[in-house]
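Each chain, written out:
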Amino acid sequence: MMRDMVERAPRWLSAEGKFPEMVISSRARVARNLEGFLFPAKLDKTLRKGVLKEIKKAALSLPEFRDALIFEISELSDLDRVFLAERHLISLDLLADGEGKAVIISRDETLSLMVNEEDHIRLQAFAPGLNLEEVFEKVLQVEQKLGETLSYAYREPYGFLTSCPTNTGTGLRLSVLLHLAGIVYSKQLEGLLRNLAKVKVSVRGLYGEGTNVEGNVFQISSLLSLGVSEKETLESFRDVVEITLDFERKSREILLENMKEALEDKIQRSLAILSSARLLSFKETAEYVSAVRLGIGIGKIFDIKVKTLNELLLFSQPAHLQKLFGKEMGPQERDEKRASYVKTKLKAE
Amino acid sequence: MLCENCKIREAKITFVEVKDGKKRVLHLCPICAEKLSLGLPEKGAPADELPEERAERESPEERTQELACPGCGMTFSEFAKKGRFGCAECYFAFGEKVKEIFEEIHGSALYRGRRYSTDRKVSELLRREKELEEALEKAVREENFEEAARIRDELQKLRESEQ
Chain A
1 MMRDMVERAP
11 RWLSAEGKFP
21 EMVISSRARV
31 ARNLEGFLFP
41 AKLDKTLRKG
51 VLKEIKKAAL
61 SLPEFRDALI
71 FEISELSDLD
81 RVFLAERHLI
91 SLDLLADGEG
101 KAVIISRDET
111 LSLMVNEEDH
121 IRLQAFAPGL
131 NLEEVFEKVL
141 QVEQKLGETL
151 SYAYREPYGF
161 LTSCPTNTGT
171 GLRLSVLLHL
181 AGIVYSKQLE
191 GLLRNLAKVK
201 VSVRGLYGEG
211 TNVEGNVFQI
221 SSLLSLGVSE
231 KETLESFRDV
241 VEITLDFERK
251 SREILLENMK
261 EALEDKIQRS
271 LAILSSARLL
281 SFKETAEYVS
291 AVRLGIGIGK
301 IFDIKVKTLN
311 ELLLFSQPAH
321 LQKLFGKEMG
331 PQERDEKRAS
341 YVKTKLKAE
Chain B
1 MLCENCKIRE
11 AKITFVEVKD
21 GKKRVLHLCP
31 ICAEKLSLGL
41 PEKGAPADEL
51 PEERAERESP
61 EERTQELACP
71 GCGMTFSEFA
81 KKGRFGCAEC
91 YFAFGEKVKE
101 IFEEIHGSAL
111 YRGRRYSTDR
121 KVSELLRREK
131 ELEEALEKAV
141 REENFEEAAR
151 IRDELQKLRE
161 SEQ
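Chains as they are written, first to last, in our numbering: chain A, 1 to 349; chain B, 1 to 163.
Same shape as in the complex, but just chain B (with noise of 0.2 Å):
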């Protein structure tokens, strides 16, 4: 379970805070844990905070500054509310933020396990064939039928070539 205060480290602690007379009680990281004990302001949205609430509450200026992702679309602050990454885009895009997150997390951010060769070729065929379907579809819907069935034929040597 993610600490409900920074959404981003792991909660270790069961913190339970009296205020106004209302008991409520929160999963949090230690160090979320200790600023709250400490009476500091909470970071991060409130847990049970509406997309809408949200951009009520966060100025114009800081959304259209905020990074997104170019792989998935995913800005920062959403991943720091969800703590999970969209794609392997999104740990570039952060850029420095990325790190520090891991320099919390794991006290370092380099790798340090066995190496791995990427030169493989099986995403790539997948992405073609989705691809295909796709221009297929689009030939179907505009009755361009000659052009529908020259990518059938691809799309089935492409498939035969898989198996």
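Next up, chain A with everything else stripped away, as it sits in the complex (with noise of 0.2 Å):
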């Protein structure tokens, strides 16, 4: 099953929807737990498997789910799991063992159903570029309809019941992948960090909490799920980033007014090294992605696409690479793996 996935990226990094250049992609996810069990973390292993069961019913049944792709997360080796999280359709939380843990998704990726991780339920829709209501509008609609079905934990006066309090009410999130180089080069990401702590938005990393910055990739999420309607979540978080666009669309005009040589030097540089280097670490590899992927913002670049970039970005993490090379390897040939994926998918441009 897995052997479909390797070989091709998922449709959210297909750079079709708007402002596919900063935005990589937007997505929004609900928590839900099952009336009458207690959360995972407190649940015997029996009654876990129970809930799978049940939940794998429900899904099964919508035709949002057919054909799905099911991952018992105990079955799979480490490098399966690390390869379905760093396509996102896992957490890293759910990479930890536990027999009743198991991923449902849909046959183009743009679902994602992880059962048994903090929540019973945690429903994610992707889509490519900026489009937070389609993604708004799928995972509400997926889940009403398990709804349904299946009996969810909600009572009076806190709504949806989670694992987390950061999650409880609507259980809702919203975030988006945000390629902000014109805010790093120009040095001023921590004013963005400033403005945004003021609006109860979160910043992380490529992965979520707690992972690094990459490629100048920042995840921004939403926080709030109480005192909040998901229609307020939904235009408060799209007005955010719609300012965070603005700001990195001033920067780059910033850094071309002031040091467009410079810019452009870095730039040409970055796709130089990429077409040519014997050995690439992924860390690098996002750099010179990134100062690449600005390089068509700001139409400089015009022979290589989008797409393209968010494939090198995907393939040239290590898991994905390991998969793509069917074999096992350490970080040396790695490095020497992704040099040679990466001159030969920009050759082939």
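There could be a bad hint or two in this list.
What follows is a list of derived Cβ distance ranges for each label pair [to be verified]:
#, chain 1, residue 1, chain 2, residue 2, range
1, A, ASN258, B, GLY95, 53 to 59 Å
2, B, LYS138, A, GLN144, 39 to 45 Å
3, A, GLN144, B, GLY73, 32 to 38 Å
4, B, GLY95, A, PRO63, 19 to 25 Å
5, A, GLU148, B, ARG128, 17 to 23 Å
6, B, GLU103, A, ASP265, 36 to 42 Å
7, A, GLU75, B, ASP153, 29 to 35 Å
8, A, ASP80, B, GLY73, 34 to 40 Å
9, B, GLY107, A, GLU257, 53 to 59 Å
Covered stretches of chain A (chain B as the covering partner; in silico rule of three or more C-beta atoms under 8 Å from a C-beta of chain B) [what the hints assert, rightly or not]:
#, segment
10, 35 to 47
11, 227 to 240
Simulated from the structure, these hints should not be mistaken for laboratory data.
For every residue, glycine included, the Cβ atom is placed at its ideal position computed from N, Cα and C.
From these two lone chains plus the hints, build me the complex, please.
In structure tokens form, the structure reads like this:
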């Protein structure tokens, strides 16, 4: 099953949506628990498996999950688990072993349903580019359909009850992966972070909580789920993203005004290294890809597609690279294969 | 990541403290970061504390007075340490403290999302199935085969109705 996923990128990296060079993808997720069961961390193995059985049955009866891919985490190798995490289909939390944990993924990888992670249900919808409305509608629609057969833990005055108090209420979280090279290069990141802290959103690295920022890609997520309706969450988060994108555009203008040559030099050098290096670490690859991406954004590079850069970034990750070459590799061999993969991919453009 | 000091709020600040010539890095929420930078005493358990150590630190009175959830047995200090509820009952077992936590995190403790009707049957069935399985095991253990056969039939009927 997983072989189908290797060699092709998920739809949410297709660069089809709005502003794909700055907004890599949009995501919405809801957290739900089933009434009458302890939350997963406290639930015994037999009941956890029972919960999984019920959720699986409910999900597979929906057209959205027709021919879905189902992976039980305890049956996966470490490499396969990391592979799914690199694709954002499972969280780093779900990497840890535990029976009765699973993920159900729609064929086009625009929906993922994690079972018995921190909550019984973590449903996520993904879309390429800036498309918060699509993921918002989709995730709530599927959540409602699942709720016709499953009974969610829901009580007044708190709404949907979740394992972590940060998700209680609507259980809804919206997020975007943003490429903010302009802000980083013009050294305005601190200013952005200061402003974002005031509006109740979180800023994290590529894989969310506790991860580093690589290649100037930031994950920005909404934070509130009590005191706000789902619609209000969507509207206020959309505003925050628009403001951030404006900030990025202005930063790029400033860079072009003040250090045009240096910026163009950085972009062209980065492309040259990606096209000819013999060894590339993931961190380096992400940095050079970011510069080339910015080059496309400011109209200095025309012959490379954003989609190609998305794929380069995805397959340059350790588990993807190993799956792509069909063997386990140490860091040194990975750097070599990564460089050869990137070179070939860019040549094919 | 949760704040390493209060273990309730989200950590947003990396706090570096130098004490007796030793450097210590803490991930803190803005409220605790402010408290610590003002030199106020830390509250909550140290991050690397073992349960035995905690029991020693807390007086017996403190332990017996503690709220425990009737649903899953989680105590309030266990919740404060992990920052996770054990079950739906915890929300009501810890009373006003839960409201205060929501006020801090979300600025509100009131749900404003769409309404949801909770009149469903599925979890009821699963619970019954588990009960019967346990009864069957017990009957077999006690060599009460008549009873075991009866339970087995009931279990089978229940599973068929689920399909």
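For each hint, the structure was consulted:
1. Remark: the range hint 53 to 59 Å for A/ASN258 to B/GLY95 is upheld by a beta-carbon distance near 58 Å.
2. Separation of B/LYS138 from A/GLN144 is about 40 Å and conforms to the stated range, judged on CB atoms against 39 to 45 Å.
3. One distance hint, 32 to 38 Å for the beta-carbon pair A/GLN144 and B/GLY73, holds here, with the actual separation near 33 Å.
4. A hinted range of 19 to 25 Å for the beta carbons of B/GLY95 and A/PRO63 is inconsistent with their spacing of about 44 Å.
5. Checking the proposed 17 to 23 Å range against A/GLU148 and B/ARG128 shows it holds: the Cβ atoms sit about 21 Å from each other.
6. For the pair B/GLU103 and A/ASP265, the beta carbons lie near 52 Å from each other, so the given range of 36 to 42 Å is not met.
7. Between A/GLU75 and B/ASP153 the beta carbons are some 33 Å apart, a value that agrees with the proposed interval 29 to 35 Å.
8. At roughly 35 Å, the beta carbons of A/ASP80 and B/GLY73 sit within the given window of 34 to 40 Å.
9. Between B/GLY107 and A/GLU257 the beta carbons are some 40 Å apart, a value that contradicts the proposed interval 53 to 59 Å.
10. Here's how the segment 35 to 47 of chain A fares: 9 of its residues keep a CB closer than 8 Å to some CB of chain B, so the rule of at least three is met and the hint holds.
11. Given a C-beta distance limit of less than 8 Å, the hint that chain B covers the segment 227 to 240 of chain A holds, as 5 residues qualify and 3 suffice.
Figure legend: structure checked against the earlier numbered hints; hints not met, in rising order: 4, 6, 9.
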